[in-house]
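K.L.:
Heads up: the protein sequence lines correspond to chains A and B, in order. This note's numbering puts the first residue of the first sequence at 1, with every later residue one more than the last. This note's numbering puts the first residue of the second sequence at 1, with every later residue one more than the last.
Treat the hints loosely; a few may be bogus.
Unchecked claim - Simulated coverage check for chain A against chain B, where a stretch passes if three residues somewhere in it have a Cβ under 8 angstroms from a Cβ of chain B: (1) 114-126; (2) 169-177.
Unchecked claim - Anything over 10 angstroms on all C-beta distances counts as not near chain B; from chain A, calculated: (3) Leu42; (4) Leu44; (5) Ile45.
Said to hold, decoys possible - Computed list of lysine to any residue pairs in SDA-like fashion (alpha-carbon distance at most 20 angstroms, straight line): (6) A:Lys174 x B:Thr9; (7) B:Lys11 x A:Arg23; (8) B:Lys240 x B:Lys261; (9) B:Lys11 x A:Thr111; (10) B:Lys11 x A:Gln172; (11) B:Lys240 x B:Thr99; (12) B:Lys336 x A:Lys174; (13) B:Lys11 x A:Pro167; (14) B:Lys237 x B:Thr81; (15) B:Lys261 x A:Pro167; (16) B:Lys237 x B:Thr80; (17) B:Lys261 x A:Gly3; (18) B:Lys261 x A:His4.
FYI, nobody ran anything at the bench for these hints, they're computed from the structure. We treat Cβ as the ideally placed atom computed from N, Cα and C, and that holds for glycine.
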Amino acid sequence: MTGHDVLLAFASAAGVAGVVTLRLAWAQARRSMPLNAAGWALLLIAIVVGWLADGAWGTSVAVLWTMGAAFVLLAWAGLRSEPGRAGASNRRAGMLPESGEPLRLGGRLLTFTLVGIVPVLPSAGGGLALAALGRMLGWSEANALALAFFAMPILWMLIAYAVLMQPVRRGQVKVLAIASLPTWPTLAAGLLS
Amino acid sequence: MTTAPDASTVKRALWAHAAMGLVAGALLYIVSLTGTIAVFYAELQRVEQGKAPEMTAIAPGAVQRAVEAALNAERGGSTTTHLYVHMPVEELPRTTVTTDTRATHVESDGRLANAEEIGWSDFLVELHYTLNLPALVGISVVGVLGVMMLALSLTGVIAHPRIFRDAFLLRARNQTGPGLADWHNRMSVWSLPFTVAVALTGAVIGLGSITAYAIALLDYGGDIEAVYQPLFGEEGKPDKRHAPAPNVAAALEYMARRYPKVTITYVTLHDPLTRGQEIQVSALHARRLIFGETYRFDAEGRFLGVAGLADGELGQQAAASNYQLHFGSFGGLPVKLAYVLFGMALTAICATGTYIWLGKRRRRGHDEPRLLKAWDAVVWGSPMVLALTLVARFVIGNGAPFAAVFWIGTLLALTIAFAPIAPSHFRRVLQFALVVSCVGAGGLALA
Chain A
1 MTGHDVLLAF ASAAGVAGVV TLRLAWAQAR RSMPLNAAGW ALLLIAIVVG WLADGAWGTS
61 VAVLWTMGAA FVLLAWAGLR SEPGRAGASN RRAGMLPESG EPLRLGGRLL TFTLVGIVPV
121 LPSAGGGLAL AALGRMLGWS EANALALAFF AMPILWMLIA YAVLMQPVRR GQVKVLAIAS
181 LPTWPTLAAG LLS
Chain B
1 MTTAPDASTV KRALWAHAAM GLVAGALLYI VSLTGTIAVF YAELQRVEQG KAPEMTAIAP
61 GAVQRAVEAA LNAERGGSTT THLYVHMPVE ELPRTTVTTD TRATHVESDG RLANAEEIGW
121 SDFLVELHYT LNLPALVGIS VVGVLGVMML ALSLTGVIAH PRIFRDAFLL RARNQTGPGL
181 ADWHNRMSVW SLPFTVAVAL TGAVIGLGSI TAYAIALLDY GGDIEAVYQP LFGEEGKPDK
241 RHAPAPNVAA ALEYMARRYP KVTITYVTLH DPLTRGQEIQ VSALHARRLI FGETYRFDAE
301 GRFLGVAGLA DGELGQQAAA SNYQLHFGSF GGLPVKLAYV LFGMALTAIC ATGTYIWLGK
361 RRRRGHDEPR LLKAWDAVVW GSPMVLALTL VARFVIGNGA PFAAVFWIGT LLALTIAFAP
421 IAPSHFRRVL QFALVVSCVG AGGLALA
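Just chain A, with the same shape it has in the complex (with noise of 0.2 angstroms):
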C-alpha cells in the first residue's frame, strides 16, 4: 500500500463520515450547529486529501465512496419507512393553465426561445471574452481555450436560470442584453483584428 492508497482511502472514509455525521445531525429535533459543520467539514476534507492523494482522479474517486454511503443510508431509510398516507405539497408549478386560463401557448414558444436558442450567442461571446481576458491576463492559450470550452454551457444554464426566474417579459429581454454585454467588444475585437 502506498501513501497515496493511505491518503485516498483517508478521503473515502471521511466522505462516508462526513455522510454519516450529516444523517445523526439531521436527525435531531433541533439543529445541532456542531454535528452539522462536523459533517460539512468531513466532506470538505474528503475533496481537499482526495485531491491530496491523486489529483481530480482521488477526488472523483472519494465523492463516489461519499454517494455511495449516502445511498446505503436512503436505502436503509426506505427500508425502515413505514406506509403512510401523508398529504402530499400541492404546491402549483403553474405550468399549465387551470379551468378558464387560456393556454398562452406563443408566450411559451417564445419563453422556450428564450431559455433554449437565444442564449447560445451570450454564452459563446462571453465564453470568449473570458478567454480574450485571460490572453491578457497572460495566460497560455490552451488555458484560455479550456476557460472558454467551460464557460460557455455555465453562462448558458446562469442566462437560463435568470431569464426564467424574471416574471416579466421586459425582465427576460433585460437579462439576455445585459448577459450580451461582454459579446460586443469581443465580437468588435474579433473582426477587427
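Chain B: place on chain A using the hints.
P.N.:
Only chain B this time, still in chain A's reference frame:
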C-alpha cells in the same frame, strides 16, 4: 439570519424547474438511460460480437503487420485519411484496425481477421451523443440538454428550501404523493455531484463545436482544427506525395522501453502512405482522469514529443479529463458500477419529475389520463423499444435499422397512449412488454 431564499424566489424557481423538466424531460430521460447503459460500451461490444480474436497484449511487429495489411486492403480505392489501431486493454482485449471505410479485427500474430460488427453498441452511443440526428445538430442538442440538466439542478435546490434538512427522509411506502417526491428529491440531492459532473462534461462536449466555431471565426481565421491544437496537440504538416507504410513497430518498441507503465489504448496514423504521415500513440496513465497522453512519432518511428495532456497546461489536462469523467471509465469495474447506480438514479429522477407534476395536477382536479399514458410510453416504452433494437441486432444482424426501430417504436408507443385504454392497464402492458423484451434480448445475447 437565514440563508433560505424568499418565498417568491422559491415559487419562481419551482416554476422554472417544472418548465425545463417538462420541456426537456423525455429527451433527458432517453439521454440518461442510454448514458447509463453506455457505461458498459466496451463490454457490450464483446456481448454483441462474441466471435473475435482476443488477446491480453500484442507484439509491436504484429501491429506493424496488421497496419500494412489494412493499408494493402485499401488499395484500389482512395487512401484512408486516418487509420486507428485499437490496442487490447482489460475491458476490451481485442486489436481492431479502423480506416475511413472499414473496421477489422486482428489476430495476435497481426493477420487481419473478421470484420468488426458492433452496430448496436455504436447505435446506443450515437443515440446518447446525438439522438440519431445529424452529427453537429444532434451533439449540440444534447449539449443544450446538459445545460438544462445543470439548470434543473440549480432550480431544484432553490425550489426546495428543506432539501438538505430532509436529505435522509424517504417515505418509500407512502402511496399518496410524498413517496414519489421523496424518491425524486433524495436521489437528486445525493447524486448532485454526479449529476453536475456528467451534465457539465456532457454540455462541454456537446457544445464544444459551437464554442470552437465561434473562437475559430473570431480568432483563428475560421480554422476550427487550429482551435483544438493548443489543447489536444498538433498534427504533422500534410504532404500528399506517396511514401511507404510508417514504422509503427519502432514507435511501440520505443514506448515499451521509455514508458513501460502506461497502457497503450490506440495507435493513430495521420495521412498514412504520404510523406506527411505521422504516428500518434495514445496511452492511459494510471490514477488520472485524462483519456490519455498523446505521444507523437514521425514515419520512421522516431519520437517527436508529447501533446501535454498529462502534464502540460492546466487547460489541456482539464479538457482531456472531460471524457472519462463523463463516461465513468477512469477506475475499472467499481467506478463503472457506481456510474450505473447513479446513472439509474438520474434516469429515475427524470422519470419521477413529470409523474410528480401530473400527480399534483390530478390532486387539484385536473386528471389527464392521456398525458399520464404518454409519459408512461416514454418511461416504460422507450427502454422496451431499446431492448427490441438489441433483439433486432441478433435476429436481423449488424445492419438492422436500429435508429428507425427505436424512434418508430417509441412514436408508436406514444400514439397508442392516446387510444382509449385505461392508464393502469396501459402501464402494466408496457411494463410486461419491457420485461419480455429485456429477457428476450438477454437470452439472445447469451445464446
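K.L.:
All hints are to be evaluated individually against the structure, with a verdict given for each.
P.N.:
Going down the list of hints, with the structure as the test:
1. Using a Cβ-Cβ cut-off of 8 angstroms, 5 residues of the segment 114-126 of chain A lie near chain B, which meets the minimum of three, so the contact claim holds.
2. Against chain B, the segment 169-177 of chain A contributes 0 residues with a C-beta closer than 8 angstroms to a partner C-beta. That does not satisfy the three-residue criterion, and the hint is violated.
3. Every CB of chain B is more than 10 angstroms from the CB of Leu42 of chain A (nearest about 15 angstroms), matching its label as outside the interface.
4. Distance to chain B confirms Leu44 of chain A as a non-interface residue, since its nearest Cβ pair spans about 13 angstroms, more than 10 angstroms.
5. Taking the minimum C-beta to C-beta distance to chain B, about 15 angstroms, the non-interface status of Ile45 of chain A holds against the 10 angstroms cut.
6. Distance check on the hinted pair: Lys174 of chain A and Thr9 of chain B sit about 18 angstroms apart at the alpha-carbon level, within 20 angstroms; holds.
7. About 28 angstroms separates the Cα atoms of Lys11 of chain B and Arg23 of chain A, which puts this hinted pair outside 20 angstroms; it is violated.
8. About 35 angstroms separates the Cα atoms of Lys240 of chain B and Lys261 of chain B, which puts this hinted pair outside 20 angstroms; it is violated.
9. For the suggested pair Lys11 of chain B and Thr111 of chain A, the alpha carbons sit about 17 angstroms apart, so the restraint of at most 20 angstroms is met.
10. The hinted pair formed by Lys11 of chain B and Gln172 of chain A meets the criterion: a straight-line CA distance of about 17 angstroms does not exceed 20 angstroms.
11. Of the supplied pair hints, the one linking Lys240 of chain B and Thr99 of chain B holds, its CA atoms being roughly 17 angstroms apart against a limit of 20 angstroms.
12. Between Lys336 of chain B and Lys174 of chain A the CA atoms are separated by roughly 44 angstroms; this puts the pair beyond 20 angstroms, and the hint is violated.
13. The straight-line distance between the Cα atoms of Lys11 of chain B and Pro167 of chain A is roughly 11 angstroms, inside the 20 angstroms bound, and the hint therefore holds.
14. Only pairs whose Cα atoms come within 20 angstroms are accepted, and Lys237 of chain B paired with Thr81 of chain B is accepted, the gap being roughly 13 angstroms.
15. Note on Lys261 of chain B and Pro167 of chain A: the hinted pairing is violated, with a Cα-Cα distance of about 58 angstroms set against a maximum of 20 angstroms.
16. For the proposed pair Lys237 of chain B and Thr80 of chain B, the alpha carbon gap of about 17 angstroms is at most 20 angstroms, so the pair holds.
17. With a C-alpha separation of about 18 angstroms, the suggested pair Lys261 of chain B and Gly3 of chain A falls inside the 20 angstroms cut-off, and the hint holds.
18. Between Lys261 of chain B and His4 of chain A the alpha-carbon distance is near 17 angstroms, which keeps this suggested pair within the 20 angstroms criterion.
Taken one by one, the earlier hints fail for this structure at numbers 2, 7, 8, 12 and 15, listed in ascending order.
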